[in-house]
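Student: Based on these hints, arrange chains B, C and D on the given structure of chain A.
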Amino acid sequence: MSFILNTGRTIRQGSYVERKNTPAYREEASTLYMHEVDMLDREIESGDHVRVESTQGAVVMRVLPAAWLSRGEVFVCLGPYANHLVGAETHCTGMPDFKDTPVNITPTDAPLVSVADLMEQCGGVRYEG
Amino acid sequence: MAELLIRNAFVIDPLSGIRGEIKDIAIRDGKIVEDTGANAEVIDAQGCLTLPGGIDSHSHVCGTKVNFGRYMSPEDMRAGRTSRKGVMHVTSGYSVPTTFGNSYRYSTMGYTTVLEGAMAPLEARHTHEEFTATPHQDMLANTLFDGNWSVMEAVRDKDVKRAAAVVAWTLAAVKGFAIKLTNPGGTEAWGFGKDVHSIHDTVPHFGVTPAEIIDTMIRANEILNLPHSVHLHCNNLGVPGNYQTTLETIERVPDLHARRQTLYLTHAQFHSYGGSTWKDISSKSEDIARMVNARPQVAIDMGQVMFGRTTTMTADGPMEFKLYMLHQNKWSNHDVELETGSGIIPVFYSRKSLVNCVMWAIGLELALLTRDPWQCMLSTDNPNGAPFIKYPEIIALLMSRRFRDRESELLEPRTGHYVPLFAIDRELDWYEIAVMTRAAQAKALGITSIGKGHLSPGAEADIAIYPLKPQEIDPSAEYKQVMAGFGKTRYTIKRGRVVSRDGEVVVEGANSTIWTKARIPPELDLSSDPEFVKKFEQYYTVRMSNYPVQDVYLPRGVCIGTEASL
Amino acid sequence: MRVILETKPRKKPKIPIEAEAIIPQNFLLKNDIRVYEGNKERTLDEIFYVTTEGPAVSADQVEIVLSGETGVIKRVGEYMNAGRIVIEGDIGMHCGNFMSAGEIIIRGNADAWLGREMRGGVIRCEGNADHYCGAGYRGEKRGMRGGTIEVLGNAGDFTAEYLSGGEVRIMGDCGDLPGVEMRGGTLIIGGDCHRPCGNMTGGTCMVFGTARALLPTFVNAGSEEREFCGQRVEMNVFRGDVANRGKGTLFVRKK
Amino acid sequence: MKVEDVVCPFCGCLCDDLVVEVEGTRVVSVENGCTLANEKFLGDNRLTSPIRRAGGAWQQVSYEEAIEETAAILLDADRPLLYGWSGTHGEAQSIGVHLGELLGALIDNTSTVCHGPSIMAIQEVGHPGCTLGQVKNRADVVVYWGTNPIDAHPRHMSRYTTFADGFFLTDAFLERKVIVVDVRKSESANIADEFVKIEPGGDYAVLAALRAIVRGKRSLIPSFVSGVSREQLFRVADTLLGAKFGAIFFGLGLTMSRGRYKNVRNAIELTAELNRHTKWTISPMRGHWNVYGSNEVFTWISGYPYAVDFARGIAFYNPGETTSVDVLRRGECDACLVVASDPGAHFPRACAEHLARIPTVQIDPHVNATTHLARLQIPVAVTGIDAEGTAYRMDGVPIRTRKLFTGRYPSDTDVLMKIYDRVKEEKGHG
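Chains as they are written, first to last, in the working numbering: chain A, 62 to 190; chain B, 391 to 956; chain C, 9 to 263; chain D, 395 to 824.
The shape of chain A in the complex, shown without the other chains (with noise of 0.2 Å):
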């Protein structure tokens, strides 16, 4: 794995996240940021998709840059993207390893999913009301 994890949060989700279907939540929730000199590396643009795989499953994201990252992390906020990808083991401590999950990156065409799709993979049955 080339990346380490890290989730958090950011005012953004924290406004949205009473409307958790909406796409302005799934933006944010979605995004991954970057360290720019990673992102050059790989041949990503801000805005491009990628495909954030780890040993609990793969989610598209969009990525943008960050200055304030260390090369080789990235962060997402705390959300259901970010948690298609965190284990559930917790070390026996109750608390999964939300800030340091290994994960590959790859560019990708394909399009970012809502959370009622990323539920339905989870086996639930989508609510539009």
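No lab work stands behind these hints: they were computed from the structure. Nothing here was measured: the structure is a model prediction, and the numbers come from that model. Glycine residues also receive a C-beta, built at the ideal position from the N, C-alpha and C atoms. Incorrect hints may appear among the rest.
What follows is a list of derived Cβ distance ranges for each label pair [claimed, not checked]:
| # | chain 1 | residue 1 | chain 2 | residue 2 | range |
| --- | --- | --- | --- | --- | --- |
| 1 | D | E458 | C | E134 | 53 to 61 Å |
| 2 | B | M715 | C | K262 | 34 to 42 Å |
| 3 | B | M715 | D | K638 | 19 to 27 Å |
| 4 | C | E232 | D | D587 | 40 to 48 Å |
Straight-line Cα separation of at most 25 Å, DSS-like style, residue types lysine-lysine; simulated pairs [claimed, not checked]:
| # | chain 1 | residue 1 | chain 2 | residue 2 |
| --- | --- | --- | --- | --- |
| 5 | D | K591 | C | K48 |
| 6 | B | K859 | B | K870 |
| 7 | B | K712 | D | K818 |
Tutor: Relative to chain A, chains B, C and D alone:
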């Protein structure tokens, strides 16, 4: 009309002057009455000891720091667990049980009224929430004023009326019962990691001394005509040689009240140490008791230490830090803006520790050397000296010299050199125990007039019937039976209803919260005082309108209203 | 006496069984043994096919053999004070809690908290042990106090947390923070580990593989030879954890 | 109608100085609030009626039916999980815990994936803390460690720390020193006087090093500890020691990274050590507005702040064993009631999958990720908007949230009480 008749009770009701006689007690609608009708439910007490419900006038059972004691101690929680069963909720905890755990255990011991010893006004809502989850006891809250900025400013300005106004506004706002001062001035100093070391030390920035705070608050209390006196946790708690501070404090107390004390000194044991270090700590109980005997205007509670594990918790933040440095175990601290502090650490009182043995002896000595039992109440400062479930053992120790002698053999062998306990012959009798566990508390708290602590017609029908027949047993010899008997009532009756029987809790319960409201002239009402309001909004982190405890938190509140002498 | 307990098929096989009653002394007394499946109480034969062979006059003559889907059975051997338990496969959490004597053999893997707060006796796990092997309970100051736990495979994180007596021997690797808060006893790690002995105040830990991310708060106190599996190994000696006024000893194999 | 001193039900800051304008059953404007508060009050994404999943489709059901079915699901389960609670008021949480003991359920709150490890650390070494006003009025040094208040607690700095003038500091911004420690240069780091950048997973070692330095063991410290230079460590230690009143606030950077509660423990022990020299306090930056309340309520009833297992009648607690993520990962529970939280969004995928497998009921005002996983959802009023009740701020100060208008939704308390009564009816007292 619910009626209950208790027959053949061996009644001791000190406030009514009944020192032990076989009587019937009639109850209707939760109150004691002259007699009942023919259809009353009957309990045959069979000559068993029957007392007004027990009252604990100083215990830590509800509120922020108590709950933090639970929160930080899963090991204590697992040390005492019971299942949900019948009407009983799940309980956890040994030294800091859950609210239902406290309530059931007190109930089983015949206690029906408990005063929470320390409530920070800013966090009062929390205390009240836990009160409603302590269903078998009527609850009262001592309200902390020891580091209250507005009080200290009034003290500095020598404005006792202003101090009274702060107290009146605060008690009414937070539904508190009485003034509590914990290490007055010391908790503010602790805001910057300091403490005060005598009653004449100056509190940093505020330029007042503990002595001035105590003097002013005593007078403010009496101006407001509050039922209870100022309730003081003296400065220098737990410090070798602190008896001097305690004596100095008591000496200052004027006699301002006809029916009760002017100052209540809590957990006196922790304030009666001689010596200068932990190595030469000794008992100064004789000096303290002599002073108390000479000053009827003062009442104390024991603050008895019993051996074993417990958790200490107090608003006295700096003291807990000192204790932490000795024990090096866990330490929690919680300073409350503009008001007070608090600290919590677990401790183990060991018979192998000379210091702990001396502490154990001092509490008993204070009870035995204070001549008038109305001046010395039985307490452990639960859970600081020990969990309150040790009360029966303390009663047995006070009633039996033989028991004390037997215990002495188990103590650290040098103990006898540092304490006078083993030269004291006095053995307390049933009447004195009744005084020290309910009647004196009711009098000291000033709640006899709302029907607490006695069994005369009109009183609340809070009654404890113990499986002890005073006419048949000799407590001096049969102390084990005394201990067992006080540990588990035959019946505990709360407001006319049996709430526990032979240790089994039989109803869910619903308690009252007793609070005080002093009426003061409008010009002294701080809610419309621009200076007070401005400072409040500037320095507190909650808005003034969000500070008072709403009525919804006291579903069965009992307000004692007073008229201030202003 | 030999008691053979083989699990029966269950409708909800992932709901853990709590079986602190499965200890030799209980079978000797022929108590009505109950176990719990979630919030439901079950008799032993609702969960197991039970076979009993031969007599016993004392608990140390009782051997219990567990087989089948045993990986979700918790608290087997809790407060065990004599006799022997053999688990043919995996075992659930808290196997051997508070055990004071006797022997537990686990042929498969052990879930977390193997030998929690153990006082004495022997636990031998032939597979891997999960996190908190030989550790304590939340908030308590002491973990395992006596006896021996031997794990032939690997162990997880927080192995021997708060160890205060006895010996924990992990032949394979450990995860993060083995021996954290350790205050007594001996922890032996045959393989690699990460950040050993954080905040230790006493006891001895020996790492015969690689100790990664060694904490900066240990003082190097020279080197010594130690024996492991019949081999003499040159070890660096550290004292610490200095962050905590610690007086523990940490041996780490020299490269 | 304008309502003053409104309490914000978003984050643990529990700001209580909002001015909210209400028209009928709608909030039309918010003053003094941060972005998060504004979105919360103005948000309009309510689920309008209870819904039930029938096969692959959803249908509306009545509250009565939904409550009846919820009770039946819970009664039928051998290992029910009651999860969430941090987004509702204390009175509802209290019913939840009593429901848990009645059912023999596991009950857990969102601390489990937030400050659960902080609680575990506190249970080992205690917690030298204080109310936020102490910090505002006194602190001359503030440390934010592994937390980014600008995004997560937007008014923390202006109400309580960096920009908050207090009694002993009349110009806080100038007189108060702010240190930010993080693995990334967050927005908050940009306004700090000193930023300490740590390698991921390096908090434990850095805290251990600082403890050693404060104890005078400087010679021991190597030239770099987890990416932090010895010089910077010494400088930071000197700042800590030089404070008159210092306050550390820490976040999920400590609780979620490698070592978890041991990181927090090291931070607490550093604080305790500093108190031998000067005054220091430490406080977790609690996320949900009433997550601390759920810890308080759980504790006074059951003895434990979260992760309580009533399966055996008594209360049992052991994070790692009785925590929601673990229980879901192992596929243990056979029914789940979610109240006022969104595990579908905030738990790892494997947990969401199990929630979809078992009958999951959600009580929540909004359509969220868990909605798609649930069998049944019951919409309720939003506490702080159209329902009221007690909340505990991150520092333990209890504040009563307000009800701004009476809408058409029942409160969490109403719905839970009905479920509780129904379950009690079936179970009796036994």
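Student: Each hint should be assessed against the structure and marked as holding or not.
Tutor: Going through the hints against the structure:
no. : hint                           : in the structure
1   : D:E458 with C:E134: 53 to 61 Å : holds, 56 Å
2   : B:M715 with C:K262: 34 to 42 Å : holds, 39 Å
3   : B:M715 with D:K638: 19 to 27 Å : holds, 20 Å
4   : C:E232 with D:D587: 40 to 48 Å : holds, 47 Å
5   : D:K591 with C:K48              : violated, 51 Å
6   : B:K859 with B:K870             : holds, 14 Å
7   : B:K712 with D:K818             : violated, 49 Å
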